[in-house]
Amino acid sequence: MRSIIKGEWRKLRRCQILLVGIVALALCPVVQYGSQLVMNPELRDPGYNFVSLFNSVIWGNTQIFLPISLVMIGGWIIDRENTNDTMKNLLTVPVSYPGLLGGKLTITVILSLIFGVYSVFVTLLTGTAAGLDGLSPAVLAGQGAQVIGAAFNTCLVCMPVILIFGQMRGAYLGGSLLTFFLGYCILFFKSGFMLSAYPFSAALVLAGFDMQEYNGATEATSIPLAFLGMAAVIALTMALLLFSHPGSKTGTAKKKKKRGRGRRYPGR
Amino acid sequence: MSNYIIETRGLTKKYGEQTSVSKLSLHVRKGRIYGLLGRNGAGKTTTMRMLLGLTEPTSGDVKIFGKPLRGNEKKILPRIGSLIESPGFYPNLTGTENLRIFADLRGLKGPKYIKNAMELVNLPYKDKKLFSQYSLGMKQRLAIALAVMHNPELLILDEPINGLDPIGIAEVRDFIRNLCDATGKTILISSHILSEISLLADDIGIIDHGVLLEEESLEELEKKNGKYFRFTVSNAAAASGLLQDRMGIRNMEIDSSTKLTVRDSRLDAGTAVRLFVDEGLTVSDAHLYEDTLEDYFKKVTGGEGIA
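Chains H and P are the protein sequences, given in the same order. Quick note: the first sequence uses this note's numbering, first residue 1, plus one each step. Quick note: the second sequence uses this note's numbering, first residue 269, plus one each step.
With the rest of the complex left out, here is chain P (with noise of 0.2 Å):
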């Protein structure tokens, strides 16, 4: 049986002419928060939705458990929390109310797994406050209430941070970090937002006009990462001679007069700087940069940073 919790083959949309999501071959691992990362509009959200059942495929197949969804929908669905797009629930009900109507169509009885639901995500329990009256953080909380309150297995999380204080945010990731780890509950998350993902996801892809361009483990991504020396020296030209006739090292820059990058993983900084000051250069800067994910990202989508 395939370790995926999610696998897609070739899963494409299009709305007339336009393709939303391209052949998309997604690999969802049991027990790992899988960080699906693009800019807005770039299919991340048509994917979520084709996973669950909301929007059907031009093409292509879906399987979730081991089993295609398409017939499925019945046994699989039930076992997924989602939260996808902004959050909707019913303006004149309460918070409780609201998510009572779920828990009664999900057949959960009794007041406990709102109650859990509620503290999971710090609102209160029989609050009169209506969901009109809520703050986008409130809604986005009560959202996820909604998609934990029955104990899914696999939860689809669309941009669940969208609203938050940065408070806020750092509860829902650790509380996300907190389901995988102490539950061992798959998660894929999305998000525009870099920095969240790197720091939440094991697993990312990166998906850009509806393609997904790559899909690695976070550990495999920061190998990919290149790290490179930048030297500031007196004269930048004879210190590229130098590396390169003394050390043997070929892959540099000289971005000006006097600094020099070097991409080299071979270089060993401390003897370069040394060779620098023995031939009489002023050595005044030498610093080690390594590429963050945003560069990452840069690089595989071949233009402008995210956010």
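The shape of chain H in the complex, shown without the other chains (with noise of 0.2 Å):
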């Protein structure tokens, strides 16, 4: 497993998709104080500072930002071996199929950290650049955590659809789109069992976010029903590594037939 891994970080190698997961997390502390400074005067936070900051940028990387990254990065990194015609060679060493999912998911795992950390710097950089205040080394080292905590969560809440939709050869696109909505949806479930149990808002609860004062919760959140949530999402992932494998054509790639610019003639 650990040199399934060494080699998936490999290629990651010089890989632009990454660009993917550092625009959108340096997006989303620039867009959530943004959106702070168009709001209507009299609906503005007046204490807006580094704490508000930092969970308006946990809130967006859970409900968006991160959910459509790293869905289309943990699904392009699997849907690759089929497009760059790579799984036969893996095959044939022979590289169990589900240890090769599970050493692209962990990839993707680590990214979700790498991505938190990256995170906390550009959201300290956008406040800085803001002049917020607030800032001390109790609330970087709280909310960061938070932050990073968060974005583990949040990429264990996407394993499912990132294994279906990369070994649905060129889906991830879709996957990502279908992510973006799932996790928009935390917006409507703000009190009873969904609260705690839908699988997003669990990974803000584990991470210690106050749903309450963010999402306009009407009740207090219940850890064990979010342990409940992501432990039914963890299972889900497991069952679908467990019973994966390679379909009948792997390792032939099909190619698209590129289509340049020019007319075509029907016949020639």
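Keep in mind that the hints are not guaranteed to be accurate.
[Unchecked claim] Simulated DEER-style distance windows between Cβ atoms:
#1 P:E387 to H:R10: 16 to 26 Å
#2 H:M238 to P:D433: 46 to 56 Å
#3 P:G278 to H:R169: 30 to 40 Å
#4 H:F243 to P:P336: 35 to 45 Å
These are calculated hints, taken from the structure and not from any lab test. The C-beta atom is built at its ideal place from N, Cα and C for all residues, glycine as well.
Both chains are sitting in their own frames, so use the hints and assemble them into the complex.
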């Protein structure tokens, strides 16, 4: 497994798809702070400080930016073995298919942690550039840990979608869009079972995020329910991993015929 | 124990209604180069994919190194090096970086394996050129390097000379021949290029429409190849009569009024020419012809030539 993970890490060299995460997570604090600025002055939070910015970044990352980025990157990491026609080389080593997918998921989790650290850094930069106050080592440590924890949890939640759409050739973009929709749905669960057990909410709850204060939840969240939601996702991921097997045509990359710009004449 | 490194029995692959490989029984002997010859779409690649466990057979068995492939993949596959269809590598990495990934997966420690493999195929070690910038020939060489990097006992190479220039083809041919002769490796190689197979293989299997039509050593095939004489004489019918009456030759055809083809192996050409001249016929040409492997391929497949 160690060599699979090491190999997966090496494969990321010079990969432009990582820019998706880098750009998305750089946008998050800017967009969140910008939304404060464009608000009606009466609705603005007069006490908007570093803690508020960190909270909105955690929310924005989990709701939109991380699901889109992680599913796109994770799905692509799986899909590329078919588009690059490298699956046949891996399977004849032999590398077990579930083991290979497990290695790819592990790399996605590692990326989510790196993105979490990166997100803390860009949030710090954005808050400093905006002249926000309230930054202290305790705030940085506490909020920073929450950003990274939420990023990790969000990655766990995205794993089933990564696995499903990554194995459908060229479908990882579709998976990314679906996850955007699923992440956005946190907004609709402000009470009851789903407030804590809905996987994306659970990702936030387990990172210690205050849903009542930020999401306007009408009741307190439940840690056991959040664990239940997360456990369900992990169980689904494990089941998908165990029952996954390479398709009958694995290793045969079907290359799409490139269509040139010129006019086509039928029959020629 | 069986003398065969690869042995298949009734190997069949169906995709829906279409049969890609039908009841194929292949026998590859140890330390030999086995050339699987067939047209494009004959079932060569599907056969090789089944031998590597990449495609599940519909029915039939595969035995490699005397053991069934199914259930023994972890023991058998590390002893095989393969190149199936087009070379598949990561375009964002260099050749060396690509090989390092597979070297790690195979548990090959140190750079010597990668270095040796790249030197064997004349590719520069630690070159900064990305795989996406490689020419087709370089890609093919890198795929061969990957196949031999771990010093496997058996090589399964599907059309390994595709995309190579004539010098590259000759180099790869010598390289494969040397691998077999010097290190005793067993090699199964497929091609639709008949001349390549005839130059390289010890044993030949002819596959057409998924059916293995013939499996022989090259020596046996050469023996089977027909030899015949063709005479150009002033009167082919008279010459035919003379051969039949005076020499007891039967197997012959009159191609035209002046051309006669004799397929009887007992014919002594010198005696025949002397006979024709003594009987007043003019002999302007007498030539011994030998069927090529292509002729044999045509005969076996019952159709057009190959390439």
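Report task. Mind listing which of the numbered hints don't hold for this structure, in increasing order? Result -> Those not satisfied come down to hint 4.
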